[in-house]
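J.: If you want the building blocks of each chain, they are given just below.
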Amino acid sequence: MASISLKTFVGLRQSSSDTYNSGHVFPVKHLPAQPASRGLRIVAGKFSPKVTGRNLRVAVVGGGPAGGSAAETLAKGGIETFLIERKLDNCKPCGGAIPLCMVGEFDLPLDIIDRRVTKMKMISPSNVAVDIGQTLKPHEYIGMVRREVLDSYLRERASASGATVINGLFLKMDAPKGATAPYVLHYTGYDSKTGGVGERRTLEVDAVIGADGANSRVAKFIGAGDYDYAIAFQERIKIPDDKMVYYENLAEMYVGDDVSPDFYGWVFPKCDHVAVGTGTVTHKSDIKKFQLATRLRAKEKILGGKIIRVEAHPIPEHPRPRRLAGRVALVGDAAGYVTKCSGEGIYFAAKSGRMCAEAIVEGSENGKRMVDEGDLRKYLEKWDKTYWPTYKVLDVLQKVFYRSNPAREAFVEMCADEYVQKMTFDSYLYKKVVPGNPLEDLKLAVNTIGSLVRANALRREMDKMSV
Amino acid sequence: MSMALFSPPIPTHLPTLSPKPNFTLKPSLFLRSKKHQLLLLSAKATENGAGTSTSATTVEPEKAEEKAPEAAVLDSQPNGAAAAGDVVLVTKFEDLKWVGGTWDLKQFETDGKTNWDAVIDAEVRRRKWLEDNPESSSNDDPVVFDTSIIPWWAWIKRFHLPEAELLNGRAAMIGFFMAYLVDSLTGVGLVDQMGNFFCKTLLFVAVVGVLLIRKNEDLETLKKLVDETTFYDKQWQASWQDETPSSSKND
Numbered sequence: 001m002a003s004i005s006l007k008t009f010v011g012l013r014q015s016s017s018d019t020y021n022s023g024h025v026f027p028v029k030h031l032p033a034q035p036a037s038r039g040l041r042i043v044a045g046k047f048s049p050k051v052t053g054r055n056l057r058v059a060v061v062g063g064g065p066a067g068g069s070a071a072e073t074l075a076k077g078g079i080e081t082f083l084i085e086r087k088l089d090n091c092k093p094c095g096g097a098i099p100l101c102m103v104g105e106f107d108l109p110l111d112i113i114d115r116r117v118t119k120m121k122m123i124s125p126s127n128v129a130v131d132i133g134q135t136l137k138p139h140e141y142i143g144m145v146r147r148e149v150l151d152s153y154l155r156e157r158a159s160a161s162g163a164t165v166i167n168g169l170f171l172k173m174d175a176p177k178g179a180t181a182p183y184v185l186h187y188t189g190y191d192s193k194t195g196g197v198g199e200r201r202t203l204e205v206d207a208v209i210g211a212d213g214a215n216s217r218v219a220k221f222i223g224a225g226d227y228d229y230a231i232a233f234q235e236r237i238k239i240p241d242d243k244m245v246y247y248e249n250l251a252e253m254y255v256g257d258d259v260s261p262d263f264y265g266w267v268f269p270k271c272d273h274v275a276v277g278t279g280t281v282t283h284k285s286d287i288k289k290f291q292l293a294t295r296l297r298a299k300e301k302i303l304g305g306k307i308i309r310v311e312a313h314p315i316p317e318h319p320r321p322r323r324l325a326g327r328v329a330l331v332g333d334a335a336g337y338v339t340k341c342s343g344e345g346i347y348f349a350a351k352s353g354r355m356c357a358e359a360i361v362e363g364s365e366n367g368k369r370m371v372d373e374g375d376l377r378k379y380l381e382k383w384d385k386t387y388w389p390t391y392k393v394l395d396v397l398q399k400v401f402y403r404s405n406p407a408r409e410a411f412v413e414m415c416a417d418e419y420v421q422k423m424t425f426d427s428y429l430y431k432k433v434v435p436g437n438p439l440e441d442l443k444l445a446v447n448t449i450g451s452l453v454r455a456n457a458l459r460r461e462m463d464k465m466s467v
Numbered sequence: 001m002s003m004a005l006f007s008p009p010i011p012t013h014l015p016t017l018s019p020k021p022n023f024t025l026k027p028s029l030f031l032r033s034k035k036h037q038l039l040l041l042s043a044k045a046t047e048n049g050a051g052t053s054t055s056a057t058t059v060e061p062e063k064a065e066e067k068a069p070e071a072a073v074l075d076s077q078p079n080g081a082a083a084a085g086d087v088v089l090v091t092k093f094e095d096l097k098w099v100g101g102t103w104d105l106k107q108f109e110t111d112g113k114t115n116w117d118a119v120i121d122a123e124v125r126r127r128k129w130l131e132d133n134p135e136s137s138s139n140d141d142p143v144v145f146d147t148s149i150i151p152w153w154a155w156i157k158r159f160h161l162p163e164a165e166l167l168n169g170r171a172a173m174i175g176f177f178m179a180y181l182v183d184s185l186t187g188v189g190l191v192d193q194m195g196n197f198f199c200k201t202l203l204f205v206a207v208v209g210v211l212l213i214r215k216n217e218d219l220e221t222l223k224k225l226v227d228e229t230t231f232y233d234k235q236w237q238a239s240w241q242d243e244t245p246s247s248s249k250n251d
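Order-wise, the sequence lines are chains A and B.
Read left to right, the first sequence gives residues 1 to 467 (UniProt numbering).
Read left to right, the second sequence gives residues 1 to 251 (UniProt numbering).
So that you can see chain A by itself, here it is in the shape it has in the complex:
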């Protein structure tokens, strides 16, 4: 699908200002179809000079799920890996939900998971509440984790595989002076000698993976461009034990204009408290109002709770215009791999870190050869091919169902249908867009249209009422 749309689309590059852009957009017409050019580029990698006397050096900037899994894969592939993380005990604000497939794919120990969510409640603007999760099999769940626990586990594993974990704050990067010259990273290193102030240090590496999150400095350095982002605002609330029982393995999603104009409000159970939050892209200044509304909607269930922490963080809405330049690639939130509709990012961060690292390992033949941009592009290609359907489907769902209150009412009504629940969970838990039974799909389409039409008809009557 990349090749089909490339032929017609020109010009997005103009809008992003970056130091690397020579200022004119190359017309797309002369590009051959993707697979053919990929074939040529693989051969080019093989002719890269051998790295003599040492292995390839790669720096991973950022030690979250993306950085941790990238560093582990690189180190296991025989590459000299440096993982730079500024705060090793960082308690990242995050929803904290991971799909079932992540546990298997990344061999996560089960004690990392604080809670297994097996039921969800979707609540519409008029408080119609629908329970979903009856179609889940006994071994299926959504894992709730604490980010500090997950992140440090992945970093430990990377370190155990041979990566060097550096406690440091990435400052800037010098561009290489030639096709095989190294990148020079400048960072402030912290250790027992330097204390809190830290010391300016440099590091020479052959390639860099930028895994430093939504406000990525690596992205700024390579001129990756900006993305639209949502603000997620969350309050951690400790509620009385009897109320906590209700949230034992249940998470709630509240939709409505009062809660968020383009996203949803949530109550997610954490280790011993709940996180109540909401998010928005278009009305960031009203986020406090939306948070109050979310707390109001959940009032009876969190009554008597005490707010123990307030946090907010940006969520990218779409990938940056440029995810890769030279021998620097972006992964995770830095690249903008958060899905629409659900706002899920942990799994995609870890998976993209791993995919990028695998591309580097393969392109460098386990660290023996220098990599070039073509090898890194293979990671982009593989990523887009594997996950584009997932992202597109979620984008369509968000556009259709988060548009207005009637759409949200229809959304919640649709969630009551078992087929919908099964398809939703299957695609969420296993990250594969599976084509379902065509007859059921047709019925689903008819029901969706019916729900939307009914909800919108009621809406028009409501508008007539407000004289």
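Derived by calculation from the structure, the hints in this document are not laboratory data.
Worth double-checking, as some hints may not be accurate.
Claimed, not checked - When the alpha-carbon atoms are kept at most 30 Å apart in a straight line, the in silico DSS-like pairs for lysine-lysine are as follows:
| id | chain 1 | residue 1 | chain 2 | residue 2 |
| --- | --- | --- | --- | --- |
| 1 | B | Lys234 | A | Lys464 |
| 2 | A | Lys399 | B | Lys223 |
| 3 | A | Lys382 | B | Lys234 |
| 4 | A | Lys243 | A | Lys270 |
| 5 | A | Lys399 | B | Lys234 |
| 6 | B | Lys106 | A | Lys464 |
| 7 | B | Lys223 | A | Lys284 |
| 8 | B | Lys234 | A | Lys220 |
| 9 | A | Lys284 | B | Lys224 |
| 10 | B | Lys92 | A | Lys238 |
| 11 | A | Lys431 | B | Lys234 |
| 12 | B | Lys92 | A | Lys299 |
| 13 | B | Lys97 | A | Lys392 |
| 14 | B | Lys157 | A | Lys443 |
| 15 | A | Lys289 | A | Lys119 |
On a predicted model such as this, the values are computed, not experimentally measured, just so you know.
Starting from the structure of chain A, add chain B where the hints point.
T.: Same frame as chain A, now just chain B:
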């Protein structure tokens, strides 16, 4: 497809078939204003039995002003809040017919058959109330109402048919005028026009136009929709734009 759309008989017959309560209720909704609230209450009381008037007195006896709670449900909240001098109690949505988190269909019966229009009106009122006064969702009395309990023909009769009449009328007017114009310009009569490919294309364009463009704003909306559907794809393709030139830019 075109034949069905141009045959007016079905829509025009229907107004005579619709039940009387439908007609008396709609005008009362449109004419409603603060002064007419009591009038509305009494009108509804005669339609739906004594249920509503008793709810007016039992739900909030302490409210001294003439704005009864049933009316408070209908009214937009800011007016109500301003009118009351004392503390305004924003209560939960309550209605005698709202039982166990859904509408009790037995209370909507007239002549042994459920009055679906009244159910639709009740749900509209409930949603309007909740939009203006969002409530906490409760586990003790969950809301389980599903709009699909109202049969499909009730929806069609109430919402689709008036719109269909409007659109058919527009299409008929456009069709008549265009047929006359083409006939006067080319001398080709109506029957011969139908055999011509170009005329059939014009017919198709006219039908699609009438369906899609119902208000002036629809043109802008359609353009925005087309942009929207492809925007996300463009954002993803952006990384592939600078493939060839980028390798020379490293230095």
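J.: All the hints need checking, so say for each whether the structure fits it.
T.: We went through each hint and held it up to the structure:
no.: 1; hint: B:Lys234 <-> A:Lys464; in the structure: violated, 39 Å
no.: 2; hint: A:Lys399 <-> B:Lys223; in the structure: holds, 15 Å
no.: 3; hint: A:Lys382 <-> B:Lys234; in the structure: holds, 18 Å
no.: 4; hint: A:Lys243 <-> A:Lys270; in the structure: holds, 13 Å
no.: 5; hint: A:Lys399 <-> B:Lys234; in the structure: holds, 16 Å
no.: 6; hint: B:Lys106 <-> A:Lys464; in the structure: holds, 27 Å
no.: 7; hint: B:Lys223 <-> A:Lys284; in the structure: holds, 26 Å
no.: 8; hint: B:Lys234 <-> A:Lys220; in the structure: holds, 21 Å
no.: 9; hint: A:Lys284 <-> B:Lys224; in the structure: holds, 23 Å
no.: 10; hint: B:Lys92 <-> A:Lys238; in the structure: holds, 26 Å
no.: 11; hint: A:Lys431 <-> B:Lys234; in the structure: holds, 22 Å
no.: 12; hint: B:Lys92 <-> A:Lys299; in the structure: holds, 13 Å
no.: 13; hint: B:Lys97 <-> A:Lys392; in the structure: violated, 43 Å
no.: 14; hint: B:Lys157 <-> A:Lys443; in the structure: holds, 23 Å
no.: 15; hint: A:Lys289 <-> A:Lys119; in the structure: holds, 28 Å
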